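Let the sequences and hints guide you as you build the complete structure.
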Amino acid sequence: MAKSFSAPLERTARLLDLVPYINSHQGIALKDLAAVFDVSNAQMINDLTTLWMCGLPGYTPLELMELDFESGYVNISNAPTLSKPRSVTFDEGVSLVLGLELLRSSISSDRADLLEKVDSLAFRLSSIINLPSVFSVTTTVNQKIFGAIAEALASQSGLEIQYHSLYRDEITQRKIFPIEALDVDGVQYLSAYCYEVSDFRQFKIERIQSAGVIQIERRVTHSVTQSQGISSVIKVLKPSRELAERFNLTDATVGSEFGYDTFSQQWLERSVLAAGGAAALLSPPEIRASIAQMAQSMLDRYKAE
Amino acid sequence: MSRKIERLINLTIALLATKRYLTKSEIFRSVEGYEGSPETKERMFERDKDDLRSLGIEIEVGSYDPLFNDEAGYRIKQEKYQLDLGQITPTEISLLSLAAQAWQGASFDEAAQKALLKLNSIGVPSDSLTLPGASNKLSDGGRDFPLIAKAIADQQLLTFTYIDSQLFQNVRKIVPIGLSSRAGFWYLSGVDQEIQEIRTFRVDRIEGEIAASKGPRDFETPQNFDPKGVFEGGSPTSFASIDVRKGKGTSLRALATSTESLGEWDRLRVPIYNLHTLASMVLWHGNDVFVQQPQELREILIGQLDSLVKSHG
Numbered sequence: 001m002a003k004s005f006s007a008p009l010e011r012t013a014r015l016l017d018l019v020p021y022i023n024s025h026q027g028i029a030l031k032d033l034a035a036v037f038d039v040s041n042a043q044m045i046n047d048l049t050t051l052w053m054c055g056l057p058g059y060t061p062l063e064l065m066e067l068d069f070e071s072g073y074v075n076i077s078n079a080p081t082l083s084k085p086r087s088v089t090f091d092e093g094v095s096l097v098l099g100l101e102l103l104r105s106s107i108s109s110d111r112a113d114l115l116e117k118v119d120s121l122a123f124r125l126s127s128i129i130n131l132p133s134v135f136s137v138t139t140t141v142n143q144k145i146f147g148a149i150a151e152a153l154a155s156q157s158g159l160e161i162q163y164h165s166l167y168r169d170e171i172t173q174r175k176i177f178p179i180e181a182l183d184v185d186g187v188q189y190l191s192a193y194c195y196e197v198s199d200f201r202q203f204k205i206e207r208i209q210s211a212g213v214i215q216i217e218r219r220v221t222h223s224v225t226q227s228q229g230i231s232s233v234i235k236v237l238k239p240s241r242e243l244a245e246r247f248n249l250t251d252a253t254v255g256s257e258f259g260y261d262t263f264s265q266q267w268l269e270r271s272v273l274a275a276g277g278a279a280a281l282l283s284p285p286e287i288r289a290s291i292a293q294m295a296q297s298m299l300d301r302y303k304a305e
Numbered sequence: 306m307s308r309k310i311e312r313l314i315n316l317t318i319a320l321l322a323t324k325r326y327l328t329k330s331e332i333f334r335s336v337e338g339y340e341g342s343p344e345t346k347e348r349m350f351e352r353d354k355d356d357l358r359s360l361g362i363e364i365e366v367g368s369y370d371p372l373f374n375d376e377a378g379y380r381i382k383q384e385k386y387q388l389d390l391g392q393i394t395p396t397e398i399s400l401l402s403l404a405a406q407a408w409q410g411a412s413f414d415e416a417a418q419k420a421l422l423k424l425n426s427i428g429v430p431s432d433s434l435t436l437p438g439a440s441n442k443l444s445d446g447g448r449d450f451p452l453i454a455k456a457i458a459d460q461q462l463l464t465f466t467y468i469d470s471q472l473f474q475n476v477r478k479i480v481p482i483g484l485s486s487r488a489g490f491w492y493l494s495g496v497d498q499e500i501q502e503i504r505t506f507r508v509d510r511i512e513g514e515i516a517a518s519k520g521p522r523d524f525e526t527p528q529n530f531d532p533k534g535v536f537e538g539g540s541p542t543s544f545a546s547i548d549v550r551k552g553k554g555t556s557l558r559a560l561a562t563s564t565e566s567l568g569e570w571d572r573l574r575v576p577i578y579n580l581h582t583l584a585s586m587v588l589w590h591g592n593d594v595f596v597q598q599p600q601e602l603r604e605i606l607i608g609q610l611d612s613l614v615k616s617h618g
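Heads up: the protein sequence lines correspond to chains A and B, in order.
Quick note on my numbering: the first sequence kicks off at 1 and runs consecutively.
Quick note on my numbering: the second sequence kicks off at 306 and runs consecutively.
Derived from the structure by calculation, the hints contain no laboratory data.
Certain hints may be false.
What the hints assert, rightly or not - Partial chain A-side listing against chain B, Cβ under 8 Å, derived:
hint, residue
1, LEU16
2, VAL118
3, ALA295
On a predicted model such as this, the values are computed, not experimentally measured, just so you know.
Even for Gly, the Cβ is constructed at its ideal location relative to N, Cα and C.
Structure representation (structure tokens):
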């Protein structure tokens, strides 16, 4: 959440940052410069015109900055005082330090040179903003798997993966053609065409157990079988945060009932079982009976052994 | 509006260029844009100082000669104003760019992009470093991370409402000591002021706003706190002996410290951090998982299965 400033202050900050940027990108096209600073061309011309009037006390041509942008390309000279970029603010520093932490977790351990650089940069930034080193970011994804995915995406090849399906609690071998890696709220998915089911699927990357690049013919056929959706009604019996999070409930007061649609009967059964009596499935009746039967057979075993 | 901006830029330049403190009268005389009655100039200057400070520019107040009772003067130190990361290589610039890109789409992205702009103004080009795993993204879920980071740096007190496992809302007061992320969730660790012990909270389970206030004066950061250790859950209280059908229970197997084959089944040794979390995980696997030990876990399971049978009968 970056602080937002009033318009004149926002502009002052932009002008101060423009000088070192132009200084290190002499001859940059005006429209490119406008794009970098996320303003219109007209606003950029306005900014440059204002800067043109600034300089050291005295304000004769000797002291003023020299800006040339009439040709559509921007050059600056005589701006030694502002030529170096401003230091990072606290927010900016924190965003970079956290970003570096994430980066560290995604660098494989055989790149000790890069890990060392990441550490040193995080340290230097932390000392600029006076931040103790208290952040850690870990990813649960294996580097080898990321490497294989990146290679397959780059070379437009297929992948052979072992995937753990949580609903079915099975590890399956699949041939897939990766399309893109997505990030949804910090969880990585691989969007791919799966040859086993002849359809597009999204795989949670952390559940891919192994991955290897393969050459595969790029044929895409849609399967005709559509999985049947299930509409269920569930009643809350005990207050439970786990239940509220699993079913995305905003109201989980005891005695309340909610409807939930899913395509997987197994997911539904397992979720109700895992709630351990905090919820009861009211319908559909056959799934209700199946849960009762499963709980009974587990109970019998615990009582017997 | 342009005039005010010009004046702010000119003031910054003048205060940066000076080797000694500039007095107010020198500033009014030499920096363009200070006009009007002495009171008007005075007011302008006060506001300008505040504005520059709010942009993060430090203005130092001092006097030219401390031995004499001089008029106070002002300057901006180059070394404070400028970004100084020391010698920086193209690879390091690339790493910092990748770090900034991690926020794409999150509300922290704006700060990251501004930082990146400054890094790109150093004049060192980036190299074409590619990292396969660097497509990972960070999300702050709309939380005010700068507030949390500032509170950690300044040992402030954070007060917030936290939802416990029974959905009760509790007001917690902590002095934060660490922020960690794993698998898309953020975790805030701190010393809980009520029990004086380190506790870790999942940030998305915080209800409403987080308030920061002045921290306790005698606060001491606990020694040996390692933010990376948060997820190891400290040392497990004990171990469970759990039978898992072959080819099943992948998530339990991932937790196991050892596995012994028993034909159709495997016996796992699983560390226990929280009995109820483990019970829920066991139930998820239905008939493919059976707990041998400890008795305490078995009793929880029997009680829960019993109520499942009753509520579904």
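Each hint tested on the structure:
Proximity of LEU16 of chain A to chain B holds as hinted, the smallest CB-CB distance being about 7 Å (cut-off 8 Å). Because the beta carbon of VAL118 of chain A sits about 6 Å from the nearest beta carbon in chain B, less than 8 Å, this interface hint is met. With its C-beta approaching chain B no nearer than about 4 Å, ALA295 of chain A sits inside the 8 Å limit, and its interface hint holds.
This entry satisfies every hint, going by the numbered hints stated previously.
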